[in-house]
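Asks: Sequence:
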Amino acid sequence: MQDLKDKVVIITGGAKGIGKACVYEFIKYNAKVVFTYNSSSKDAENIIEELKTQNCFSLKCDVRDYKSCRNVIEEAINRFGRVDI
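Throughout the sequence shown, residue numbering follows the numbering used here, covering 258 to 342 in sequence.
Read the hints as simulated data drawn from the structure, not as lab findings.
Predicted model only: the values in this text are computed from it and were never measured.
Possibly wrong hints are sitting among the right ones.
Under the rule of at most 25 Å between Cα atoms (straight-line distance), these lysine-lysine pairs were calculated in the PhoX-like manner [as the list claims (entries may be wrong)]: (1) K277 - K324; (2) K317 - K285; (3) K264 - K317; (4) K317 - K277; (5) K262 - K273; (6) K277 - K264; (7) K273 - K324; (8) K317 - K273; (9) K309 - K273; (10) K299 - K285; (11) K324 - K299; (12) K285 - K262; (13) K264 - K324; (14) K285 - K309; (15) K273 - K299; (16) K277 - K299; (17) K285 - K264; (18) K285 - K273; (19) K277 - K262; (20) K277 - K309.
What follows is a set of in silico ranges between Cβ atoms, one per label pair, in the way DEER data are often shown [said to hold, decoys possible]: (21) D260 - D322: 33 to 41 Å; (22) E331 - T310: 17 to 25 Å; (23) K262 - Y323: 29 to 37 Å; (24) D260 - R321: 32 to 40 Å; (25) D260 - S325: 25 to 33 Å; (26) D263 - D322: 25 to 33 Å; (27) I342 - G274: 13 to 21 Å.
Glycine is no exception: its CB is placed at the ideal position from the N, C-alpha and C atoms.
Construct all of the structure, not just a fragment, from the sequences and the given hints.
Replies: Structure follows, in structure tokens:
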């Protein structure tokens with residue numbers, strides 16, 4: 258994968274499984290990552306603590322709810338200026 262420096266990525270379900278693996282991969286390639294969780298707040302906190310980077314944060318989101326999804330996009334833009342992926 259090419260360097261993704263300054264690319265902003267949103268990953269749904271990023272606290273566990275494939276989503277979690279994606280969070281680590283995108284961070285490894287220098288992307289800025291916003292990932293969501295629904296009920297795995299402790300898992301999300303552990304990821305943030307382990308990564309120790311300003312380029313990653315998590316938000317609670319129910320992807321079935323439009324307002325919840327819209328909030329994730331707005332927070333990503335507020336923090337990083339845009340969304341690329």
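Asks: Compare the structure with each hint and give your call.
Replies: Evaluated hints:
1. Between K277 and K324, the direct Cα distance comes to roughly 23 Å. Compliance with the 25 Å bound is thereby established for this hinted pair.
2. Using a Cα cut-off of 25 Å, the hinted pair K317 and K285 holds, with the two alpha carbons roughly 23 Å apart.
3. Proximity of K264 to K317 is assessed by CA-CA distance (about 22 Å); at most 25 Å being required, the pair is judged to hold.
4. For the hint pairing K317 with K277, the CA-to-CA distance comes to about 14 Å; that is within 25 Å, so the pair holds.
5. Restraint check for K262 and K273: the C-alpha separation of about 24 Å stays at or below 25 Å, so the hint holds.
6. About 18 Å separates the Cα atoms of K277 and K264, which keeps this hinted pair within 25 Å; it holds.
7. Simply put, K273 and K324 have alpha-carbon atoms about 23 Å apart, close enough for the 25 Å limit, and the pair holds.
8. With a C-alpha separation of about 13 Å, the suggested pair K317 and K273 falls inside the 25 Å cut-off, and the hint holds.
9. Taken as a hint, the K309 and K273 pair is honoured in the structure, with Cα atoms around 18 Å apart against an allowance of 25 Å.
10. The straight-line distance between the Cα atoms of K299 and K285 is roughly 22 Å, inside the 25 Å bound, and the hint therefore holds.
11. The suggested pairing of K324 with K299 holds, with an alpha-carbon distance near 23 Å, which does not exceed 25 Å.
12. Taking the CA atoms of K285 and K262, the gap is about 10 Å. The hint holds against a cut of 25 Å.
13. As the CA atoms of K264 and K324 are separated by approximately 24 Å, the hinted pair is consistent with the 25 Å bound.
14. For the suggested pair K285 and K309, the alpha carbons sit about 12 Å apart, so the restraint of at most 25 Å is met.
15. Restraint check for K273 and K299: the C-alpha separation of about 11 Å stays at or below 25 Å, so the hint holds.
16. For the hint linking K277 to K299, the alpha-carbon distance of about 13 Å falls within 25 Å, and the restraint holds.
17. With a C-alpha separation of about 12 Å, the suggested pair K285 and K264 falls inside the 25 Å cut-off, and the hint holds.
18. For the hint linking K285 to K273, the alpha-carbon distance of about 17 Å falls within 25 Å, and the restraint holds.
19. Distance check on the hinted pair: K277 and K262 sit about 19 Å apart at the alpha-carbon level, within 25 Å; holds.
20. For the hint linking K277 to K309, the alpha-carbon distance of about 15 Å falls within 25 Å, and the restraint holds.
21. In this structure the hint that D260 and D322 lie 33 to 41 Å apart at CB holds, the actual value being about 34 Å.
22. Between E331 and T310 the beta carbons are some 21 Å apart, a value that agrees with the proposed interval 17 to 25 Å.
23. Between K262 and Y323 the Cβ separation comes to about 31 Å, which falls inside the hinted range of 29 to 37 Å.
24. Our hint of 32 to 40 Å for D260 and R321 holds, since their Cβ atoms are close to 34 Å apart.
25. D260 and S325 have their C-beta atoms about 31 Å apart, which keeps the hinted 25 to 33 Å range intact.
26. Take D263 and D322: their Cβ atoms lie about 30 Å apart, and the range 25 to 33 Å holds.
27. About 19 Å separates the C-beta atoms of I342 and G274, a value consistent with the hinted range of 13 to 21 Å.
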